[in-house]
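So the sequences go chain by chain: A and B.
Under numbering that gives the first Met the number 0, the first residue of the first sequence is numbered 0, with each subsequent residue one higher.
Under numbering that gives the first Met the number 0, the first residue of the second sequence is numbered 0, with each subsequent residue one higher.
Because the hints were derived from the structure by calculation, they are not lab data.
Just to be clear, a hint being listed does not mean it is correct.
Claimed, not checked - Below, simulated EDC-like cross-link-like pairs (lysine to aspartate or glutamate); rule was C-alpha separation at most 20 Å, straight line: (1) A:K268 / A:D293; (2) A:K76 / B:E160; (3) A:K76 / B:E159; (4) A:K277 / A:D257; (5) A:K294 / A:D345; (6) A:K108 / B:E160; (7) A:K154 / B:E160; (8) A:K321 / A:D345; (9) A:K263 / A:E251; (10) A:K277 / A:D293; (11) A:K76 / B:D45; (12) A:K327 / A:D297; (13) A:K7 / A:D217.
Claimed, not checked - Computed spacing ranges between beta-carbons, pair by pair: (14) B:W61 / A:E117: 34 to 40 Å; (15) A:A107 / B:M101: 46 to 52 Å; (16) A:F18 / B:M101: 27 to 33 Å; (17) B:T129 / A:T133: 39 to 45 Å; (18) A:D166 / B:D153: 21 to 27 Å; (19) B:F80 / A:R105: 23 to 29 Å; (20) A:T133 / B:T43: 50 to 56 Å; (21) A:V72 / B:A84: 23 to 29 Å.
To be verified - According to the in silico footprint, chain B covers these stretches of chain A (three or more CB under 8 Å from chain B): (22) 194–204; (23) 213–223; (24) 246–255.
Since we're looking at a predicted model, the values are computed, not measured.
Ideal placement from N, C-alpha and C gives every residue a C-beta, glycine not left out.
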Amino acid sequence: MTETNIIKLRGVEKRYGSFTAATGINLELKEGEFFSLLGPSGCGKTTVLRMIAGFQEPSEGHIEIDGVSMDGVPANKRPTNMVFQSYAIFPHLNVGDNVAYGLRGRVAKPEIEERVAEALEMVELGGLQKRGATELSGGQRQRVALARALIMRPKVLLLDEPLSALDKKLREQMQFEMRNLQQSLGITFVMVTHDQYEAMTMSDRIGVMFQGRLMQVDTPTMLYARPCNREIASFIGEMNILPAAVQNEQAETSMTVDMAAFGKIEIEKNPNVTNRAKNIIVGIRPEQLEISPDKPADYPATLQGTVSNVAFYGENVHYHVKTETFEKPISVSVPNYFHTVDFQRDDKVWLGVQGASVIDLGQDKQ
Amino acid sequence: MSRPSKLTIYAFAYLGFLYLPVLFLPLFSFNSGTIVAFPIKGWTLDWYRKLGEQDALIQALWNSLTVGLIAAVLATSLGLFAARAFVRYRFRGQRASEGLVMLPLVIPGIIVASSMLVLFLFIGLKPSLTSVILGHTFLALPFAVSILKSAFDDFDASLEEASYDLGVGVFETFYRVTLPVVAPGIIASILVTFTVSFDEFVLAFFLSGNQPTLPVYIWGQIRFPAKLPNVLALGSILLLMSVLLLLLAEYFRRRSSSSK
Numbered sequence: 000m001t002e003t004n005i006i007k008l009r010g011v012e013k014r015y016g017s018f019t020a021a022t023g024i025n026l027e028l029k030e031g032e033f034f035s036l037l038g039p040s041g042c043g044k045t046t047v048l049r050m051i052a053g054f055q056e057p058s059e060g061h062i063e064i065d066g067v068s069m070d071g072v073p074a075n076k077r078p079t080n081m082v083f084q085s086y087a088i089f090p091h092l093n094v095g096d097n098v099a100y101g102l103r104g105r106v107a108k109p110e111i112e113e114r115v116a117e118a119l120e121m122v123e124l125g126g127l128q129k130r131g132a133t134e135l136s137g138g139q140r141q142r143v144a145l146a147r148a149l150i151m152r153p154k155v156l157l158l159d160e161p162l163s164a165l166d167k168k169l170r171e172q173m174q175f176e177m178r179n180l181q182q183s184l185g186i187t188f189v190m191v192t193h194d195q196y197e198a199m200t201m202s203d204r205i206g207v208m209f210q211g212r213l214m215q216v217d218t219p220t221m222l223y224a225r226p227c228n229r230e231i232a233s234f235i236g237e238m239n240i241l242p243a244a245v246q247n248e249q250a251e252t253s254m255t256v257d258m259a260a261f262g263k264i265e266i267e268k269n270p271n272v273t274n275r276a277k278n279i280i281v282g283i284r285p286e287q288l289e290i291s292p293d294k295p296a297d298y299p300a301t302l303q304g305t306v307s308n309v310a311f312y313g314e315n316v317h318y319h320v321k322t323e324t325f326e327k328p329i330s331v332s333v334p335n336y337f338h339t340v341d342f343q344r345d346d347k348v349w350l351g352v353q354g355a356s357v358i359d360l361g362q363d364k365q
Numbered sequence: 000m001s002r003p004s005k006l007t008i009y010a011f012a013y014l015g016f017l018y019l020p021v022l023f024l025p026l027f028s029f030n031s032g033t034i035v036a037f038p039i040k041g042w043t044l045d046w047y048r049k050l051g052e053q054d055a056l057i058q059a060l061w062n063s064l065t066v067g068l069i070a071a072v073l074a075t076s077l078g079l080f081a082a083r084a085f086v087r088y089r090f091r092g093q094r095a096s097e098g099l100v101m102l103p104l105v106i107p108g109i110i111v112a113s114s115m116l117v118l119f120l121f122i123g124l125k126p127s128l129t130s131v132i133l134g135h136t137f138l139a140l141p142f143a144v145s146i147l148k149s150a151f152d153d154f155d156a157s158l159e160e161a162s163y164d165l166g167v168g169v170f171e172t173f174y175r176v177t178l179p180v181v182a183p184g185i186i187a188s189i190l191v192t193f194t195v196s197f198d199e200f201v202l203a204f205f206l207s208g209n210q211p212t213l214p215v216y217i218w219g220q221i222r223f224p225a226k227l228p229n230v231l232a233l234g235s236i237l238l239l240m241s242v243l244l245l246l247l248a249e250y251f252r253r254r255s256s257s258s259k
């Protein structure tokens, strides 16, 4: 994997009349990476993808692909190919003709046949050339759409919610297959999804969008461990968000915060946070909280509460713990493996947390 | 079995009132007497046999087929672009232009016919089959547009985008994706617009000059009682053909909306 930028978006904005679908998008994608645009529906992620594909022109800003400006370049002249959400399989053509579509009239016939066979082999549909488009299952349609795009040998493959039409089991299987395909081909994949798990399991990096803005671009691990604000913290996984007061900010990378009834604790400064203040919010992941019948030793911050709800998920158990200090109950997740002590509703419990598990989320905008 | 309800009786009476007169046409076409009245004198197929001997009638039939085919192709081609625009794009004045295209359905035929005659004479186009073709294209356009609009409603817009995305230009995409996918709608539209033109009388009467279409020729024959049974035989054949064409058109229209 080289470190050249295959796609550059500079100050890209898209307006429809008075509605701004995306604004201030600056993004550089590395060659050969699997990048996901993640966000709730209507956040503008599909608009960004369609601007890269050339179906929509930015109202402002510029897009470069492989060092070439895409200003005024129509979709059919761009080195990108797309897998559509509906897959857009041509209903009047069979599988082979669908896959060969973009090569017809441009490449000699024997070569087309060879490349179609190769592409179908790659998506594990070898020998299905003559199958009719309407006789395909959802998963097969998705594979045909992939083969049809990849046969063009694009510099960038764009995927618009590629797995949303599949059932859960198939979706999980395709996540691994697409990731393997991307790694063996070394092509840059740009995927749009609203499913955080899909984005986390498949991507090298994720860009999270809210209301037309790209809020954070990071690796899945960093996005989970160091989200830059409340919105991302609660969109990616589950997060307990608590108010805190900064006590001592002198150190370069750490500070002491007062988390109300939890007490004082030294935490790391979040490098992704830009708006620092005295009164901030902090986040704690449910699985990083200790829950025990007695006050836990070796935990710098502890708090007593009452179990208000128990939910069994199989691999883990979720407890909601009501405390006197905080309005919302605190969510705690315990792996089933460690599940040696069962808590029931109304049990009195102790919560404990380490400084390393408390995430600095900066000043709250709300 | 329960007794048929009043509503059922009403429905059958209604259908009878509507369609019985039409059935008299084939009935009397087999009558051996020349007077169209009960009682029927005897049964014969002579009127059908004699159809082939009438040159003027054959010529009129040929005129109607030519006009119908050309008008159907013209109306369907124009309707194709209009329907795609109406379904695919949102633009200023869309509803007004949709209304305008549908207008021939509600303007009285006699008004359209006389104003077209005036217009064509003004621009120096003598009454002829050409002017009938133009008039029928205008008249058939709303039928073509509404059939093709439903074909485009079921057409996934990302199919065309997928084609552009695979490096194919606008015109090639239209030819390789749009046309084949809406083909059943196009066939349905051609069949229906052909039928509209083939049956049309008022416009053709005003605009055909000395090249009568079949309905105009039939109108001329009705004045001669001896020719009437012949006309009835011809009318029965046309009735059967029209019904078959419309059934075929409906079959294609349904196929176009079921193939997503």
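Quiz prompt | Violated hints, by number in ascending order, as checked against the structure | solution = As far as the earlier hints go, 1, 6, 10, 11, 12, 14, 22, 23 and 24 are violated by this structure, in ascending order.
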